[in-house]
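Undergrad: With these hints in hand, go ahead and build the complete structure from the sequences.
Chains as they are written, first to last, in my numbering: chain A, 17 to 520; chain B, 17 to 520.
Errors might be hidden in some of the hints.
In this list, chains with the same sequence are indistinguishable; a pair is considered to hold if it fits within one copy or across any two.
[Said to hold, decoys possible] Capping the alpha-carbon separation at 20 Å, the derived lysine to aspartate or glutamate pairs in EDC-like fashion look like this: (1) 36 <-> 61; (2) 407 <-> 81; (3) 143 <-> 426; (4) 407 <-> 426; (5) 65 <-> 298; (6) 26 <-> 418; (7) 84 <-> 385.
Simulated from the structure, these hints should not be mistaken for laboratory data.
Protein chains: 2
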Amino acid sequence: MAEYDSKTFKSTTLYAITDKMWSLNIGASMLSWDMHTGAPEGGNESRAKALAALSSEAFALSISDEMKRALEELEDVQDNLDEITAAAVRICRKNYDSTRKIPIEEMRAYQELTANAETIWRNAKQKNDFAAFAPTLTQIIAYNKRFTTYRGFTGNPYNTLLDDYEPGMTTDELDAFFAKVKATIVPLLKRITEAKKKIDTSFVNRPISVKKQKKLAALLIEKIGFDLTHGQIRESAHPFTTSFGRNDVRITTHYYETEFLSSFYSVIHECGHGIYGQGIMDGIVDTILDNGISMGIGESQSRFYENMIGRSLSFWELIYPELMAIVGDEFKDITAKQFYEAANSARASLIRVEADELTYSLHVIIRYEIEKLLINGEIDVMELPRIWNEKYQEYLGITPPDDSRGVLQDVHWSAGMFGYFPSYSLGNAYGAQILATMEKDLDLKELIRSGNIGKITAWLRERIHRYGSIKIPSDLIRAISGEALNADYYVRYLTDKFEALYEL
Amino acid sequence: MAEYDSKTFKSTTLYAITDKMWSLNIGASMLSWDMHTGAPEGGNESRAKALAALSSEAFALSISDEMKRALEELEDVQDNLDEITAAAVRICRKNYDSTRKIPIEEMRAYQELTANAETIWRNAKQKNDFAAFAPTLTQIIAYNKRFTTYRGFTGNPYNTLLDDYEPGMTTDELDAFFAKVKATIVPLLKRITEAKKKIDTSFVNRPISVKKQKKLAALLIEKIGFDLTHGQIRESAHPFTTSFGRNDVRITTHYYETEFLSSFYSVIHECGHGIYGQGIMDGIVDTILDNGISMGIGESQSRFYENMIGRSLSFWELIYPELMAIVGDEFKDITAKQFYEAANSARASLIRVEADELTYSLHVIIRYEIEKLLINGEIDVMELPRIWNEKYQEYLGITPPDDSRGVLQDVHWSAGMFGYFPSYSLGNAYGAQILATMEKDLDLKELIRSGNIGKITAWLRERIHRYGSIKIPSDLIRAISGEALNADYYVRYLTDKFEALYEL
Numbered sequence: 017m018a019e020y021d022s023k024t025f026k027s028t029t030l031y032a033i034t035d036k037m038w039s040l041n042i043g044a045s046m047l048s049w050d051m052h053t054g055a056p057e058g059g060n061e062s063r064a065k066a067l068a069a070l071s072s073e074a075f076a077l078s079i080s081d082e083m084k085r086a087l088e089e090l091e092d093v094q095d096n097l098d099e100i101t102a103a104a105v106r107i108c109r110k111n112y113d114s115t116r117k118i119p120i121e122e123m124r125a126y127q128e129l130t131a132n133a134e135t136i137w138r139n140a141k142q143k144n145d146f147a148a149f150a151p152t153l154t155q156i157i158a159y160n161k162r163f164t165t166y167r168g169f170t171g172n173p174y175n176t177l178l179d180d181y182e183p184g185m186t187t188d189e190l191d192a193f194f195a196k197v198k199a200t201i202v203p204l205l206k207r208i209t210e211a212k213k214k215i216d217t218s219f220v221n222r223p224i225s226v227k228k229q230k231k232l233a234a235l236l237i238e239k240i241g242f243d244l245t246h247g248q249i250r251e252s253a254h255p256f257t258t259s260f261g262r263n264d265v266r267i268t269t270h271y272y273e274t275e276f277l278s279s280f281y282s283v284i285h286e287c288g289h290g291i292y293g294q295g296i297m298d299g300i301v302d303t304i305l306d307n308g309i310s311m312g313i314g315e316s317q318s319r320f321y322e323n324m325i326g327r328s329l330s331f332w333e334l335i336y337p338e339l340m341a342i343v344g345d346e347f348k349d350i351t352a353k354q355f356y357e358a359a360n361s362a363r364a365s366l367i368r369v370e371a372d373e374l375t376y377s378l379h380v381i382i383r384y385e386i387e388k389l390l391i392n393g394e395i396d397v398m399e400l401p402r403i404w405n406e407k408y409q410e411y412l413g414i415t416p417p418d419d420s421r422g423v424l425q426d427v428h429w430s431a432g433m434f435g436y437f438p439s440y441s442l443g444n445a446y447g448a449q450i451l452a453t454m455e456k457d458l459d460l461k462e463l464i465r466s467g468n469i470g471k472i473t474a475w476l477r478e479r480i481h482r483y484g485s486i487k488i489p490s491d492l493i494r495a496i497s498g499e500a501l502n503a504d505y506y507v508r509y510l511t512d513k514f515e516a517l518y519e520l
Numbered sequence: 017m018a019e020y021d022s023k024t025f026k027s028t029t030l031y032a033i034t035d036k037m038w039s040l041n042i043g044a045s046m047l048s049w050d051m052h053t054g055a056p057e058g059g060n061e062s063r064a065k066a067l068a069a070l071s072s073e074a075f076a077l078s079i080s081d082e083m084k085r086a087l088e089e090l091e092d093v094q095d096n097l098d099e100i101t102a103a104a105v106r107i108c109r110k111n112y113d114s115t116r117k118i119p120i121e122e123m124r125a126y127q128e129l130t131a132n133a134e135t136i137w138r139n140a141k142q143k144n145d146f147a148a149f150a151p152t153l154t155q156i157i158a159y160n161k162r163f164t165t166y167r168g169f170t171g172n173p174y175n176t177l178l179d180d181y182e183p184g185m186t187t188d189e190l191d192a193f194f195a196k197v198k199a200t201i202v203p204l205l206k207r208i209t210e211a212k213k214k215i216d217t218s219f220v221n222r223p224i225s226v227k228k229q230k231k232l233a234a235l236l237i238e239k240i241g242f243d244l245t246h247g248q249i250r251e252s253a254h255p256f257t258t259s260f261g262r263n264d265v266r267i268t269t270h271y272y273e274t275e276f277l278s279s280f281y282s283v284i285h286e287c288g289h290g291i292y293g294q295g296i297m298d299g300i301v302d303t304i305l306d307n308g309i310s311m312g313i314g315e316s317q318s319r320f321y322e323n324m325i326g327r328s329l330s331f332w333e334l335i336y337p338e339l340m341a342i343v344g345d346e347f348k349d350i351t352a353k354q355f356y357e358a359a360n361s362a363r364a365s366l367i368r369v370e371a372d373e374l375t376y377s378l379h380v381i382i383r384y385e386i387e388k389l390l391i392n393g394e395i396d397v398m399e400l401p402r403i404w405n406e407k408y409q410e411y412l413g414i415t416p417p418d419d420s421r422g423v424l425q426d427v428h429w430s431a432g433m434f435g436y437f438p439s440y441s442l443g444n445a446y447g448a449q450i451l452a453t454m455e456k457d458l459d460l461k462e463l464i465r466s467g468n469i470g471k472i473t474a475w476l477r478e479r480i481h482r483y484g485s486i487k488i489p490s491d492l493i494r495a496i497s498g499e500a501l502n503a504d505y506y507v508r509y510l511t512d513k514f515e516a517l518y519e520l
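TA: Here you go:
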């Protein structure tokens, strides 16, 4: 295990600047956390004003002349930098360039545009009126295209946007990746739809009181191993994880009485994010590196805990007795195997956030293909609903009945987040590749069934979590598995799992 | 009602600086609120680091050259300033001077000293070892004496410290005030101790579950009129109120199963602080003036709700039916009058924070007299335990069995808070003076009994709350009652109330 020491980094001007940014961001994050977990509504505007001021102060530092000088000073001696300092330079340089290369008036106009776009999108979605969102979306795309020109790109302009969420990722790599994924999932889904075996999911809507679901959440946290002395769980409208650094990582969930699996898997998913955050090494605690490296690696961890651990038969066997003690007689006719099968049933559906493990990446592929077309100017925004629906028909075999449940379903584009969606699938694929390597060292089934998930976490911590933002995704994956991202692991994992499940 | 408009203030450089300070302080306050209401312990140090950074950034602005220029610019046209701008100048000038007049090395050394003093004090208190705290306390006092010299003073050096908590207050005024208070309470307490009538308080320790006490707290909040759309209640080790500005004021309480009156009155007390904070006028929302004007006026409001409203027979009559519905059969033998009497029983005691309404000011007088002696160099720190105990014997007729329950009981001195204690008594006295005026306009008994506390709040809002930090205490009191602070109201209020209660 490489030993890291942030002493050198902490003696730099860059550290002094990022340390200020860190404090401002912690303050802003705390205001945001508070706002999402029960702050009195009447204070929203006032707190949002303070939050915006803290964030923009941190932002101003990230693109300040002071920052420029601090970066140049270190870049002059680039070859002599230790890994911690080099990583901090890499991150700060990227932030600096991605903003400073854009004319300030355009950046301001864009920020104003996106500040109002979410409301416009939300109204359009509610009224099923794509035309009402189209002009705004057109502008957002135009800005993003121009920005990639200012910022520069290699190969496809979309690469620059991908790189914001998954450092180093390119369309070449993703095209090959998604081609394989599509070639496997589309026929597999068809076989499942036509399979003799049908999975009974009727019982998952039996009501479980919020009080019992809270006990269940506590049980899951304990079994999964999220550390409540350095974290906590609260309720919010939508589940999320927020990190105040390694020592304080917080998760939320939302309880629905007749959908206990919703909270069940959101808790495990967010625990995965949380455990990643809690596993970062001492040397970089409370620095700008005390955070996950990328969206994709983050999702690889949350989905590893959610799907590879939480959706395994072993896990249901592990928690079954304590689960039954909590939910009581209502479920006494249901076996661990029935829970396991219901939690894994696969079917074509319209809404990404409700999709199952198998079909999830199909939703992502559609968005990836469309984003690439948009950023490369190959389609017009007004064509989007048609193209969207055609792709859903082609890949999933269903057509959205309206745009609210189609092209208008996601918030991302209204926030200008192009290049974000692929991370979700990359997370799944990294996870499968990590799993394949892990299985050489560990007997996962046995560890899960016997409640030794801590040993799995230790394995992940040593290879991924501890590095925080030091190592980029491609280096992490290569160090773990000896090769670059390889979709074969992911498609094999899905094929094996769902063929067995549906007795294909 | 004077109409205020902050437009002019908001066009000044001073506003731009204080607005930044406001955001930083909101961030710091949110971190502090979070830390006291359930943050995971493992993150304490990390969050404290961010909190300190935000606070010191705000502090740096308050004593910056930029601040100096902004103040001078406005002070040049002092006579033409509107009241809002003038108040902001007054507050910022005071902050600026109180720090900048002190040599920076001394300020730093003092901050270091007090940063460690609380732990030293806490250990000394725990071990009943005054000598272990004495050297630190001696240093803290020496610094405060020197600081008053640097900062300048009129009359008594202690005046400069008093002014930090109660703008404009002097030892001359306080000497006269406390003389009257002492002359009334000491003999009145003696008469109560010797009175035939004894109040039964045995039932107040009957257990009430935390769940029921929470319902009770909700009932009190509703009856008192604390607005939960612009505020909230949580639990903390010690009750407190924190304001994020008019639109978001938060209170806490602590539940003890066998001391339901503890949470009961802490909720009403903090609601009083909260209602003050929620009553500030539109014109100064989310500015540096969106806060109570002083400790004393703040306590006058919290104690008005706690004592004048919450400890009245009318209030117990108001809540009695709903109270009984919550606490159930356990208390069915207790009448509203018995609750009222138990909540007002008076007796000499050792601990200030547990003292009743009558004897509270005696605890304060002792501290005031001692602080004056210390700051004027008339006694040595090592004499403190003896002097403390002598004064407790003289004023309350009891002697602390040890220093933990004597001179070591309060945290204030370890934080260098000299001049703070008198505010507690001033709050009581302001409250009585306000009450005397209010009674000319309103039939309080009737309003309380009939659940119309909102009308009392409206009266206070119009005359006090709305002004936030615009008007200083002496102006507020004079505007309300037509005269300066007059202890006669307070001593008359206590005499009338306790003579009736104890049938003297």
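Undergrad: When the hints from earlier in the document are held up against this structure, which numbers fail?
TA: 2, 6 and 7
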